[in-house]
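**Q** Line order of the protein sequences matches chains A and B.
Counting from 1, position 27 in the first sequence corresponds to residue 27 in the numbering used here; the numbering is continuous, with no gaps.
Take any residue in the second sequence, note its place counting from 1, add 1000, and you have its number in the numbering used here.
Don't read these hints as lab results, they were simulated from the structure.
A hint or two may mislead.
Stated by the list, open to error - Under the rule of at most 27 Å between Cα atoms (straight-line distance), these lysine-lysine pairs were calculated in the DSSO-like manner: (1) B:K1373 / B:K1128; (2) B:K1035 / A:K22; (3) B:K1214 / B:K1035; (4) B:K1109 / B:K1090; (5) B:K1128 / B:K1164; (6) A:K35 / B:K1035; (7) B:K1373 / A:K35; (8) B:K1109 / B:K1035; (9) B:K1035 / B:K1381; (10) B:K1164 / A:K35; (11) A:K35 / B:K1128; (12) A:K35 / B:K1381; (13) A:K35 / A:K22; (14) B:K1366 / B:K1109; (15) B:K1035 / B:K1373.
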Amino acid sequence: MWKVLVLMGAALTALSGCAFEKVQPWDRDLLAQDKMQLVPFPLDNFYDEHINFSKEAASGGQGVGGGGCGCN
Amino acid sequence: MQLKQPRRIYDALATASCTLLTAAPHAGLAADPWKVDSGMLIYAEQDRVNVVEPAVSARSSLGDDEFLSFKLVYDTMSGATPNGASATDKPQSFTSASGQSQYTVDANKLPTRSFSDSRFAGSVDWEKPLSRYMRTILGASLSSETDYTSLGLSANFAWDINNKLTTLAAGVALSDDLVQVRGTIPDGLTQVPAYTPTANGGEGDGEGEGMASKSKTLTDLLLGVTQVVNRRTLTQLNYSYGQSNGYLTDPYKILSVVDGTSGETLDYRFEKRPDTRTRQAIFWKSVLHLPQDVVHFSYRYYWDDWNVQAHTFDLTYRFDTGNQWYLAPHLRYYTQTAADFYKHSLVDGQTLPQFASADYRLAAMKSMTYGLKVGLPIDAKSELGMRVEYMQQTGDNHPGDAIGVQRSQDLYPGLNAYIISLTYKTDF
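Please model the entire structure based on the sequences and the hints provided.
**A** The structure is reproduced here in structure tokens:
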């Protein structure tokens, strides 16, 4: 677990120095749109997570919480 | 006329003061206090399981950037699910754990068990700012079906830094689940008993039998970073760690025990899985705004101590037609390795392994999903969405270790499913 976190932290630190622009608040109009959200359709995403959890061995990554089910 | 003038002024003042008095305390609620998202899912597997799942979620503003959300879900499930046994060239009979009920499967057919159940699930989330840059979401959830109950609690924190261009997230979720079975919960890897109905047992799916239960707990942790890359790009990197403890076996799943030379089925044993599982995943998602269209791409690498490793690629391209409505094609590719105790069947005379399962979800397999969503904004606050998807799972139908008659059977139950969802969201 710690090895993964250290690797992720190192990658982000390396990227943050050069790859990310300082986007000013008045330039965030596109980012504020509904379609630019990480999860633009929460209910579709909920359905997908439920189906994939019940049919596959892998789960997790997107978030935690929201309830379990006996489907797997 | 002269007399009426003061009356008008008085009325106008009274109206204005009332408006001010009533409007002021609700200033925080003025902008759409309710957001409602409702949907209906129809999930239909070819020759297998069907699920209908209506869901509604509502998010209410409590003012001062505080929100309360509810979600209610009701599933009805029915159909046939693989029981773990292998197809063979003779008809097969299967018995429940207590020997009280029985069903048969034709020769050369995938052994499946019919079931029907319904599930109710509800959750509530309370979102509250802790400071100008920090917020928390505390959640509780409950899910209940005939043979499974889940109770969950979660806490998520988000911390905006770097002029709100970076958000750090941390979350923890706990779940206390109960597996309930009519009759008895079988001991792992024991023989499936012969069919011996008693007077009070009765036929059917364990009718007249009492309930037995076993529990499991799940703990999940998440750490994540979301970063604005530029004016058109947002990216997220998450790491999740999950620990499951307790009864992780599926009480309904069995394995065929086959003859070491002919491959004929001689017997059946209940499956048995370890009672702990450590799950980890790295999840990366990026959203890119092209001149008009928007692309969502994600990749997840998953691994656990059952030796399952999985890669998931997901791509959605939202194509704005210029006439309000949009089309969003979706592609998802998933591949996993088998759990180290996965076996399509056991061989008679060999030493029993410590754990074994023939659950196709623990086998090496690939899954492709192709989808298309049509989104139709009705007005500035409402949108209707319809999505049709097709999912296809494939695995090793003819594994190299198949014996005798097994070589002419399909030993991986591939899956084809249609997924249709209709969603409607509105603010009021």
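**Q** If a hint holds in the structure, say so; if it does not, say that too.
**A** Hint-by-hint comparison with the structure:
no., hint, verdict
1, B:K1373 / B:K1128, "violated, 33 Å"
2, B:K1035 / A:K22, "violated, 32 Å"
3, B:K1214 / B:K1035, "violated, 39 Å"
4, B:K1109 / B:K1090, "holds, 9 Å"
5, B:K1128 / B:K1164, "holds, 17 Å"
6, A:K35 / B:K1035, "holds, 16 Å"
7, B:K1373 / A:K35, "holds, 13 Å"
8, B:K1109 / B:K1035, "violated, 48 Å"
9, B:K1035 / B:K1381, "holds, 9 Å"
10, B:K1164 / A:K35, "holds, 19 Å"
11, A:K35 / B:K1128, "holds, 24 Å"
12, A:K35 / B:K1381, "holds, 14 Å"
13, A:K35 / A:K22, "holds, 22 Å"
14, B:K1366 / B:K1109, "holds, 22 Å"
15, B:K1035 / B:K1373, "holds, 21 Å"
Hint check: violations occur at hints 1, 2, 3 and 8; the rest are consistent with the structure.
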